[in-house]
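The residues making up each chain are set out below.
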Amino acid sequence: MLRTSHLSRKGIVFSQATFHSNKNSHCCRAYLQRQGVSWEKTCKTKMCSLERHGKIFLLKFMEENEHRFTPELCSDILSALKTVEQSDARALVTTNDGKFYSNGLDLEWMKEDAATRFPLLLREFERVVYHMMKLNVPTIAAVCGHAAGGGFLFAMAHDYRYMRSDRGFLYNSAVDINVVLPSGSIALQRTKLSPQVFRDVVLKGIKYTGVEGFGAGLVDSLFEGPTQTLEQAMREANVLADKPWEKPAYQGLRMAMYSDAIHKLELDVDQGLHAEDMLKEI
Amino acid sequence: MCSLEKRGNVYILTFVGDGEHRFNPTTFDAISDALKEVEESADAAALVTTNAGKYFSCGLDMKWVGESPHDRFDIGMEKLENMFAAFMKLSIPTVAAICGHAEASAFTLALAHDYRFMSTQGSSHLYMCELDHGFNIPKSMLTLIRSKLHPATLRDVVLGGTKLNAQMAFQKGIVDAAFDDSVGTLQAAVKEAEKLAVRGWNREIYRSFRLAAFPDVVEELDIHVPYRMLASYNF
Chain E
1 MLRTSHLSRK GIVFSQATFH SNKNSHCCRA YLQRQGVSWE KTCKTKMCSL
51 ERHGKIFLLK FMEENEHRFT PELCSDILSA LKTVEQSDAR ALVTTNDGKF
101 YSNGLDLEWM KEDAATRFPL LLREFERVVY HMMKLNVPTI AAVCGHAAGG
151 GFLFAMAHDY RYMRSDRGFL YNSAVDINVV LPSGSIALQR TKLSPQVFRD
201 VVLKGIKYTG VEGFGAGLVD SLFEGPTQTL EQAMREANVL ADKPWEKPAY
251 QGLRMAMYSD AIHKLELDVD QGLHAEDMLK EI
Chain C
1 MCSLEKRGNV YILTFVGDGE HRFNPTTFDA ISDALKEVEE SADAAALVTT
51 NAGKYFSCGL DMKWVGESPH DRFDIGMEKL ENMFAAFMKL SIPTVAAICG
101 HAEASAFTLA LAHDYRFMST QGSSHLYMCE LDHGFNIPKS MLTLIRSKLH
151 PATLRDVVLG GTKLNAQMAF QKGIVDAAFD DSVGTLQAAV KEAEKLAVRG
201 WNREIYRSFR LAAFPDVVEE LDIHVPYRML ASYNF
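Line order of the protein sequences matches chains E and C. For the first sequence, our numbering begins at 1 and goes up steadily by one. For the second sequence, our numbering begins at 1 and goes up steadily by one.
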């Protein structure tokens, strides 16, 4: 266990829920940064935490950063989803610290070797979306910051979206960065959005504020500020958790409702993706 | 269980009596015969489906199913799918005048019509009760439901088990108009049917437009995938 008392004196607080292991603690990162060592090379920070609150789980994108999807984050989310699925919990809420719910896939990392990394990361990301759509409990996204690109898609993969009204954009950036999304991601959006909004989101790349998102049917409920948004999402999750629904029934219904999108996501994940299909500028 | 009346070019199919108008082989046959009569009539131009009493229909007759569940669930599902397909393949416009509670497969039957008018009398509700009772909805039925509802409404109806009165149904775009009482609802539905009848549309073309506008629905209904009564899916 790393010595944390000197950091506590500086006002950095740790809770049991977010402290996973020596190597993964963010106190380690802060310590190393002060020593002038690049933390990326020495330890991997778990970017998301999973907390149990009674009958529900809370998955949180931690700390103030863009919460971009990397292969590691995808893998962390997948293991969190497995934990949720196999537990006796009855609902899942996801949320974020800071200004970003998620700003999408890690483009910087992908650009270093686009031809290999793009299809790889997009496939892992769609694997996450696929498992979200197949989860056996109701899901609520408490969107307390920008949700762009993959972050937008991840939010759309939930059953309900609660969002703060004062800050944050919803934005599918694909058209602006010349990326052709694979058929699973397109089918997900088509199945969740009305035809006009689907066109606006995919072909126009509109940035929706919370209020505009609510009007377009992207957001189910709006609240002032992140605290209220998360509180209300947890409250609703508990209401859903108390319903006498059987988890296999809920899962089966969602899978049948969105069968086309889930089938296409599954094909993308099983067969893999090809850079030349997605990156037209290369 | 149903009566068929002709007013000019408009046929009116009514689920008669005060009961729950549940679907079992007798009623399935009666509805099927009525639809055949409508389809074969040379001058039929629109169909209105409605009900007497407090219930549009409460769906499948679970008492009949319960007498022999091992095969009757499958038979019941197949007959439901045939009924939905028959309505979707009808060559004339269809209007559902919902003058009572419509639950489960009866809600789906209302969705299989082109237009829906609903009465607020007696707090009539639309209710997809499968989730609350732990039953599956066959994929073909969900394809039909999905093809007729806004995405968020689909989620609220199927994954939320929401009971919708006429006002809520109108706001969510499930019904096209809501009325104060059953008499007014039926009157308005017949008037709408007459307006549609006057357009003089070619029946073959109307049928093919409907099938093309809601693709995969009839294809899936006709396949009759064996029904899994238990709530777990294996894809």
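Note that these hints are calculated values from the structure, not bench results. Every value quoted in this text rests on a predicted model; they were computed, and no experiment measured them. Just so you know, not all the hints are guaranteed correct.
[Said to hold, decoys possible] Lysine to aspartate or glutamate pairs mimicking EDC-like chemistry, simulated, CA-CA at most 20 Å apart:
{"hint": "1", "chain 1": "C", "residue 1": "K139", "chain 2": "E", "residue 2": "E266"}
{"hint": "2", "chain 1": "C", "residue 1": "K139", "chain 2": "E", "residue 2": "D260"}
{"hint": "3", "chain 1": "E", "residue 1": "K247", "chain 2": "C", "residue 2": "D180"}
{"hint": "4", "chain 1": "E", "residue 1": "K243", "chain 2": "C", "residue 2": "D132"}
{"hint": "5", "chain 1": "C", "residue 1": "K163", "chain 2": "E", "residue 2": "D220"}
{"hint": "6", "chain 1": "C", "residue 1": "K163", "chain 2": "E", "residue 2": "E246"}
{"hint": "7", "chain 1": "C", "residue 1": "K172", "chain 2": "E", "residue 2": "D113"}
{"hint": "8", "chain 1": "E", "residue 1": "K55", "chain 2": "C", "residue 2": "D132"}
{"hint": "9", "chain 1": "E", "residue 1": "K134", "chain 2": "C", "residue 2": "D180"}
{"hint": "10", "chain 1": "E", "residue 1": "K280", "chain 2": "E", "residue 2": "E64"}
{"hint": "11", "chain 1": "E", "residue 1": "K247", "chain 2": "C", "residue 2": "D156"}
{"hint": "12", "chain 1": "C", "residue 1": "K148", "chain 2": "E", "residue 2": "D260"}
{"hint": "13", "chain 1": "C", "residue 1": "K163", "chain 2": "E", "residue 2": "E236"}
{"hint": "14", "chain 1": "E", "residue 1": "K243", "chain 2": "C", "residue 2": "D156"}
{"hint": "15", "chain 1": "E", "residue 1": "K280", "chain 2": "E", "residue 2": "D106"}
{"hint": "16", "chain 1": "C", "residue 1": "K163", "chain 2": "E", "residue 2": "D242"}
{"hint": "17", "chain 1": "C", "residue 1": "K139", "chain 2": "E", "residue 2": "E246"}
{"hint": "18", "chain 1": "C", "residue 1": "K191", "chain 2": "C", "residue 2": "D180"}
{"hint": "19", "chain 1": "C", "residue 1": "K172", "chain 2": "E", "residue 2": "E212"}
{"hint": "20", "chain 1": "E", "residue 1": "K111", "chain 2": "E", "residue 2": "D176"}
{"hint": "21", "chain 1": "C", "residue 1": "K89", "chain 2": "C", "residue 2": "E204"}
Here's how the hints hold up against the structure:
This hinted pair checks out: K139/C and E266/E have alpha carbons roughly 17 Å apart, not beyond 20 Å. Taken as a hint, the K139/C and D260/E pair is honoured in the structure, with Cα atoms around 11 Å apart against an allowance of 20 Å. Taken as a hint, the K247/E and D180/C pair is broken in the structure, with Cα atoms around 39 Å apart against an allowance of 20 Å. A threshold of 20 Å between alpha carbons decides the hint, and for K243/E with D132/C the separation of about 8 Å falls inside it, so the pair holds.
For the proposed pair K163/C and D220/E, the alpha carbon gap of about 18 Å is at most 20 Å, so the pair holds. Taking the CA atoms of K163/C and E246/E, the gap is near 19 Å; set against the 20 Å cutoff, the hint holds. Using a Cα cut-off of 20 Å, the hinted pair K172/C and D113/E is violated, with the two alpha carbons roughly 47 Å apart. Annotation: proposed proximity of K55/E to D132/C holds, straight-line Cα distance about 19 Å (limit 20 Å).
Using a Cα cut-off of 20 Å, the hinted pair K134/E and D180/C is violated, with the two alpha carbons roughly 42 Å apart. The straight-line distance between the Cα atoms of K280/E and E64/E is roughly 33 Å, outside the 20 Å bound, and the hint therefore fails. For the hint pairing K247/E with D156/C, the CA-to-CA distance comes to about 17 Å; that is within 20 Å, so the pair holds. A hinted pair counts as satisfied when its Cα atoms are at most 20 Å apart, and K148/C with D260/E qualifies at roughly 16 Å.
At roughly 18 Å between alpha-carbon atoms, K163/C and E236/E fall within 20 Å of each other, so this suggested pair holds. Restraint check for K243/E and D156/C: the C-alpha separation of about 14 Å stays at or below 20 Å, so the hint holds. Restraint check for K280/E and D106/E: the C-alpha separation of about 18 Å stays at or below 20 Å, so the hint holds. In summary, the hint linking K163/C to D242/E is supported, as the alpha carbons are separated by about 17 Å, within the 20 Å threshold.
With a C-alpha separation of about 18 Å, the suggested pairing of K139/C with E246/E holds against the 20 Å cut-off. Between K191/C and D180/C the CA atoms are separated by roughly 16 Å; this keeps the pair inside 20 Å, and the hint holds. A distance of roughly 18 Å separates the Cα atoms of K172/C and E212/E; the hinted pair therefore holds under the 20 Å criterion. For the proposed pair K111/E and D176/E, the alpha carbon gap of about 16 Å is at most 20 Å, so the pair holds.
Between K89/C and E204/C, the direct Cα distance comes to roughly 10 Å. Compliance with the 20 Å bound is thereby established for this hinted pair.
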